[in-house]
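Below are the chains, spelled out letter by letter.
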Amino acid sequence: MAPILEIRSVVKRFGGVAAVNGVSLALEPGRIYGLIGPNGSGKTTLFNCITGVDQADEGEILFKGRRIDGLKPHQIFHLGMGRTFQVIRVFPELTALENLLVVTTAGYAEAERRARELLALVKLERLAGEFAGNLSYGQQKLVEFIRVLMTDPEMILLDEPAAGVNRTLLNELLDAVRRLRDQGKTVLLVEHDMKVVMGLCETVFVLDHGEKLAEGAPGVIQADERVIEAYFGR
Amino acid sequence: MKRWFPVALAVLAAGLALYPLQATGYGIRVMLQLFMWIALAQSWNLISGLTGYVSFGHVVFFGTGAYASSILIVMLGWAWPLACLGGGVVAAGLAFLIGWPCLRLKGPYFAIATLGLNEVMRVVVSYYEGLTGGGNGLSLPTLDASVEIYYAMGLVAAAVTAVTYVIVTSRFGLRLMTIREDEVAAEAMGIDTLRYKLYAFLLSAAAPGIVGGLSARDQGYIEPLSVFPLIMTITMIVMALFGGKGTIWGPVLGAAVLFAFQEVVWARFIYLHQLLFGAIIVGVVLLMPRGILGVLQQKYNLPRTI
Amino acid sequence: MGVLITPSMIGQVVISGLLAGSLYAMVALGLGLIFGVMRVLNVAHGPLLMMGAYTTFGLFQWIGLNPYLSLLVSMPLLFLVGVALQRFLVRRVVDAPELSSLLLTFGVSIALVNLAQLAFTSDLRSVEYLTGSFVVGPFAISKPRLATCGFAIAITLGAFVFLRSTRLGKAIRAVSQSREVAQVCGIDVQRIHLITFGLGSALAAAGGSLVAVMVAIQPEMGQVYTFKSFLVIVLGGAGNYPGALLGGLLLGLVEQMASLFLTSQVNEAVAYVLLVVVLLIRPTGLLKGRV
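Protein chains in written order, with the numbering used here: chain A, 1 to 234; chain B, 1 to 306; chain C, 1 to 291.
Calculated from the structure, these hints are not laboratory results. Since we're looking at a predicted model, the values are computed, not measured. Any given hint might turn out to be false.
Partner residues aside, some chain B positions facing chain A, computed with beta carbon under 8 Å [said to hold, decoys possible]:
hint: 1; residue: R3
hint: 2; residue: V184
hint: 3; residue: A185
If you want the ones that stay clear, here's a sample from chain A, every Cβ over 12 Å from chain B, calculated [said to hold, decoys possible]:
hint: 4; residue: T51
hint: 5; residue: G52
hint: 6; residue: E60
hint: 7; residue: K72
hint: 8; residue: R83
hint: 9; residue: E93
hint: 10; residue: K123
hint: 11; residue: G164
hint: 12; residue: T203
hint: 13; residue: E215
hint: 14; residue: R226
In this text, a Cβ means the ideal position worked out from N, Cα and C, and glycines have one as well.
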């Protein structure tokens with residue numbers, strides 16, 4: 001099966017430092033992938049390169065067989081890839097419903113129907129008219145999550161979905177992610193919480209100092225000495 | 001709330017329409033100017049209030065419209081209503097020329113880029129002396145059309161307010177606001193921010209262009225200093241900020257209040273004008289950044305259509 | 001324009017360009033510091049320069065003080081003004097959306113201009129101190145420009161030494177790279193903000209004092225410097241302090257080169273066109289910076 005996302009020898013430099021130094025990955029559709037690594041390993045930079053927030057200096061990124069490095073974020077979004085952010089980025093002065101409505105270009109009636117559907121999915125329908133800025137942290141996190149789903153993207157990138165979230169909400173999110181995978185979507189998440197990664201992801205990539213250190217099933221990664229050393233050794 | 005507002009509005013509109021019948025020439029001029037300020041403040045609000053991209057050089061569209069329409073009248077013999085619309089079109093064209101490169105900048109950078117705009121236009125006007133009369137200015141054929149221009153200005157003010165209403169209540173407007181809220185997230189959510197900013201910028205330039213033409217027609221004479229004054233941009237900004245940027249009626253309120261204030265204070269403290277406005281801007285930013293209507297909106301949970 | 005461009009004309013342009021550019025670099029460094037440390041685009045930068053110019057004018061007029069000595073007055077004076085502005089006004093909007101600090105400094109800038117109009121009227125003033133040029137071979141080097149360049153270079157180098165070697169300077173650089181990390185390292189960020197704003201203002205004032213000898217002084221004289229300083233930051237890359245130096249020199253060169261082909265009126269538009277061109281090609285600046 002052709003990979004849905006391919007990263008070929010991507011390099012991204014800031015000043016003299018290579019934050020991402022020749023990373024290559026391939027993601028098969030319909031699976032949940034994890035991207036981990038100690039602080040400064042280049043995870044977020046790689047994420048940003050994939051989604052068009054940053055431009056890779058070298059290498060290629062292909063989504064569904066088509067080059068997306070060099071495209072702007074909104075173009076990549078319309079190709080079928082959505083993302084969430086590490087720091088929640090809902091639109092505070094828009095209501096929860098409006099946050100969802102702005103995303104899709106579908107007709108208003110259809111967009112509203114889908115938006116309310118998604119809100120109901122995460123049990124936030126009664127807060128549809130509330131300004132997103134007034135919602136609790138957890139509620140904002142959910143809104144950001146379903147916002148990504150408005151256009152039914154084929155691939156979803158989650159940037160630290162577990163950050164600052166309580167256990168109950170976290171389990172709801174993880175269940176939602178598994179359901180997305182069952183629907184055939186591909187998920188790539190950056191995460192620090194090892195329990196989440198090990199419990200959720202089918203394949204894990206490990207980055208260290210901008211390079212790919214290891215790749216494999218969670219159990220294998222956990223036992224890999226190089227990974228252990230990267231996190232705790234130095 | 002919803003019941004009496006349109007009625008009150010209709011009554012006001014009727015009153016304003018009948019006003020010239022028994023007002024003095026001076027009175028008409030005053031109201032005409034008020035309409036002009038409403039149109040200007042409202043236009044500035046379209047770009048700066050909704051998208052958060054502050055334009056510090058907005059008077060450039062006023063001046064461009066003034067020159068474009070005056071040239072159309074003087075050189076091509078156009079009737080002034082058409083010429084003023086032409087002024088609006090030219091102003092929008094200028095907005096495209098400037099916006100296409102400059103709106104790629106992040107908000108504050110764009111703002112400073114607009115600072116230099118005024119100077120450039122003054123240089124351009126001086127350079128094309130043959131067309132614009134350069135420093136000597138341009139004289140229009142004498143015409144006493146204050147009443148007609150009063151109505152025209154009023155129409156433009158009403159139109160811009162109506163356009164603002166339509167935008168704010170539409171998804172287009174919501175998307176403009178996402179640019180203000182979080183441009184990075186907006187881009188990530190598939191919104192082509194450059195395109196939306198450009199639309200807003202073009203829209204925000206049209207009315208000042210038309211109004212510039214009308215003002216020029218009314219004055220009968222224009223020169224670079226009179227149509228590109230920095231104080232005009234400042235006044236637009238203060239009015240919109242004070243009344244409530246990002247709201248629909250905020251600029252109208254701000255224009256009305258500050259125009260009245262200006263008429264009263266102007267005579268006595270001309271030399272403090274800029275200082276006072278500067279102080280008001282600082283005060284608004286520190287104490288009520290959302291302006292009067294914005295504060296009321298928050299306090300009483302009013303809908304966005306205020 | 002059928003003018004033959006001779007090598008000596010090019011040489012003249014290069015010299016004039018570098019002389020002018022050094023001033024731009026110094027003033028832009030002031031703006032760049034404030035932006036780098038606080039993420040505040042100080043629209044009032046030009047008016048601060050203007051205040052430096054009037055300080056020099058005033059001292060020259062009333063006690064006949066050598067304009068170049070007046071630097072010792074204008075720089076500390078405007079340093080204090082900058083600190084006051086930061087302490088009472090700018091500080092409250094440092095953490096607000098950038099829009100707020102922009103509008104705030106805009107309000108301050110127009111207020112300052114009006115104050116100058118009240119104090120000095122809009123009449124053009126000048127400081128007749130140094131005129132004429134040295135003639136070196138085929139080149140004419142304007143004396144005031146040379147003096148300005150000399151002082152600007154000295155002050156700018158001083159600023160760089162300060163930033164590189166002193167503890168305070170390093171603290172400023174630390175805060176401009178990451179406020180959180182600097183705080184964790186025990187740096188008093190509030191204090192750094194105060195000092196940086198003061199420093200930026202002092203550099204602007206120095207620019208004002210130096211140009212006072214060369215150009216007509218009037219309340220609105222600063223606006224063009226705000227814009228050009230900003231242009232230099234864009235050219236050099238925001239947050240890239242040495243970049244400001246190169247950007248300033250580049251601006252000076254481009255302006256002088258354009259003056260070969262264009263009338264002096266149109267010259268003012270050159271800076272603007274340059275900005276637009278650079279923005280279209282490399283919005284993040286010609287050198288690597290952190291926009």
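Evaluation of the provided hints:
1. Look at R3 of chain B: its Cβ only gets to about 22 Å from chain A, farther than 8 Å, so that hint breaks.
2. Here the hint on V184 of chain B is kept, as its CB sits about 7 Å from the closest CB of chain A, short of 8 Å.
3. A cut of 8 Å between beta carbons decides the hint on A185 of chain B: the least distance to chain A is about 4 Å, and the hint holds.
4. With a minimum CB-CB distance of about 6 Å to chain B, T51 of chain A fails to clear the 12 Å threshold, and the non-interface call is violated.
5. A Cβ of chain B approaches the Cβ of G52 of chain A within 12 Å, the least distance being about 8 Å, so the stated non-interface status is violated.
6. With a closest Cβ-Cβ approach of about 21 Å to chain B, E60 of chain A is found to remain outside the 12 Å limit, as its non-interface label requires.
7. Consistency note on K72 of chain A: stated as away from chain B, yet its beta-carbon is not over 12 Å from all of that chain's, at 7 Å minimum.
8. With 12 Å as the threshold on Cβ separation, the claim that R83 of chain A sits away from chain B is violated: the shortest Cβ distance comes to roughly 6 Å.
9. Residue placement check: E93 of chain A does not keep its beta carbon more than 12 Å from all beta carbons of chain B (closest about 6 Å).
10. Every C-beta of chain B lies more than 12 Å from that of K123 of chain A, the closest at about 22 Å, which supports listing it as non-interface.
11. In this structure G164 of chain A is separated from chain B by more than 12 Å, as the shortest Cβ-Cβ distance comes to about 18 Å.
12. The beta carbon of T203 of chain A is kept farther than 12 Å from every beta carbon of chain B, the shortest such distance being approximately 25 Å.
13. At the 12 Å boundary, the C-beta of E215 of chain A stays outside the reach of chain B, the nearest C-beta of that chain being 26 Å off.
14. For R226 of chain A, the shortest C-beta to C-beta distance to chain B comes to about 33 Å, beyond the 12 Å cut-off, and the non-interface label holds.
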